[in-house]
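Enquirer: For the record, the sequence lines run as chains A and B. When the count follows the UniProt record's numbering, it moves up by one through the first sequence with no breaks and lands on 329 for the last residue. When the count follows the UniProt record's numbering, it moves up by one through the second sequence with no breaks and lands on 329 for the last residue.
To be clear, the hints were calculated from the coordinates, so they are not data collected in a lab. Please read these numbers as outputs of a predicted model, since none were measured by experiment. Among the clues, some could well be false.
Because identical chains share one entry, a pair is satisfied inside a single copy or across any pair of copies.
[Claimed, not checked] With a cut-off of at most 27 Å between alpha-carbon atoms, the simulated DSSO-like pairs for lysine-lysine come out as follows:
hint, residue 1, residue 2
1, Lys103, Lys34
2, Lys34, Lys102
3, Lys58, Lys173
4, Lys9, Lys223
5, Lys102, Lys41
6, Lys9, Lys34
7, Lys102, Lys32
8, Lys177, Lys223
9, Lys208, Lys176
10, Lys9, Lys32
11, Lys58, Lys32
12, Lys114, Lys41
13, Lys101, Lys41
14, Lys114, Lys9
Protein chains: 2
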Amino acid sequence: MATIADVAKYTGLSSATVSRVINDYPHVSEDKRKLVHDAMKELGYFPNTSARNLRNRKTNVVAVLIPRLTNPFFTLILDGIERVAEANGFQLIICQTKSSKKKEIDFLNLLQTKQVDGVIFTSIENEWEYIQPYTAYGPIILCNEYHHEATVPMVRLDQIQGSYLGTRHLIEKGHKKIAYCMGSTSGLSFDRRLGFFKAIEEAGIDMKSDWIFRDTYTMEDGKRVFQQILQLSDRPTAIFTGGDEVASAMVKEARTHGLHVPRDIAILGFDDQPIASLIEPELTTIYQPGDEIGARAMTVFIECLNGIRERMSQAVIELPLSLVIRDST
Amino acid sequence: MATIADVAKYTGLSSATVSRVINDYPHVSEDKRKLVHDAMKELGYFPNTSARNLRNRKTNVVAVLIPRLTNPFFTLILDGIERVAEANGFQLIICQTKSSKKKEIDFLNLLQTKQVDGVIFTSIENEWEYIQPYTAYGPIILCNEYHHEATVPMVRLDQIQGSYLGTRHLIEKGHKKIAYCMGSTSGLSFDRRLGFFKAIEEAGIDMKSDWIFRDTYTMEDGKRVFQQILQLSDRPTAIFTGGDEVASAMVKEARTHGLHVPRDIAILGFDDQPIASLIEPELTTIYQPGDEIGARAMTVFIECLNGIRERMSQAVIELPLSLVIRDST
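Full structure from sequences and hints, please.
Expert: This is how it looks when you write it as structure tokens:
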């Protein structure tokens, strides 16, 4: 394997000069730069990136972990991250975990081997204790998703308030039987449920365990849950879906079964994705400023990398959600 | 064993020029190229073994370049790539180019610095001559997108047939004034236009330049183009959109303007994304097996990496498209 010495010998330059070119130092003439780069290609010399990155502590590459690319809310977060990354000379690589614990850890190894400067999580699959050790290798920022015990900066949305606003809206529309669709066991899901039950309890409404549906994320989940709801003897009159994809699939499923939305059943979305205003009836939903939390998370990441912000202690930055009333409720 | 210096001496060219030929860089005359190749044969020169050894070093990470994560067709391709990658122990990192030439080259540097084993392109922004030099560093596979001059494996869909089928369908429905929305100047766009005009010419239909719209990719583009169509004095009765996102936004825009789809204007999608069957009326569209070409591309990638398939010569694997008739035409 070619070494720096080989490049020096081939070009007739000193090893010091070759090293200056490789590490992109100033005060090297363009001629010498070109000579070295050509020789590197010729000899098949590749700088040992791991070693170099360890020394320089920067790759200017950030890994963003997201569960599912098909969910437009996450791509909106990515847009915000990317905007700030680009303005500051960072490259993003996107790692899709597909909600797999193993994949999440595999991607964290990119941080351990210094192939990236740090990681932004938009969703977490493993328990926090399995993530924590990786904070030794670079900044880890949680964006959107959060764990109450995580000791890193978290940029998140006020999920308690969001689900409270949506549930209150359904109650004000006269609904007393409301189905609740939930996701995982993360901090986000936990808080969203808190907001839902806060509104339910304030209104003194009964809640049946039959009306709670777990692991609902995708359009397929929406279709499945809607069919389950149709089978219930005591059927809810409104559904809190937790996501516009789930809600959209339910609107279509209602149409298929000849049910009118919202007259026969009201459906509340979450996120305010583009689809929310494309389908008929347009979805009442909770607007989540994904672009904004993405941008904030990347800003916080850069602050941590530059040592302006403490990266290994808990700090919470929380943004508000808002209700968008359209025609599905 | 002969060296580069020997080839340079034999041909009377500089080592740099010889190196450019060996690495297949642009801006070298055909004469010099031939001179070098002849000399290489003559002297029995084989490219540097160290470089080849380095090329064999594996990271088990593959970069997938995609233009826009918000387009579900590309996430479908990714699903196919991922399925085969996972089964073979490869990790994917996803690089969003946002159709930027510069970002595309920045991501290719991950290949040059050996942070990834190779690259799968689902869309290409730069002219092929700027991509070609990177084939020296590992397999580059084109998936979906293609360039007629690219000398790498390409897994693609028969776009000529796809747009021909769709346009024929509109003509059979009695349309004689058909607007055409196109994308970039890639091989894909070129072929899709061939299929469209083949059907138009076979039917002996006139085409006005006013009815051709460029750079239409997103929902925003769909809204913009539909508004432009409404302003035309001689308005088309059908629209070939080239994408379900564009088509969906047009269906919504038609609704906003009190126009009935397909009675007042027929709208043909492309891709068969989930949204195609969620909106009202459901979209007639061209089904593109994104998952399938993704899976094939990853299979081809592994074959190249393992030396079972030649990675630096053109090979085309083409899959068919099909028409899905719903209610928008």
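Enquirer: Any hints this thing doesn't respect? Which numbers, in order?
Expert: 3, 4
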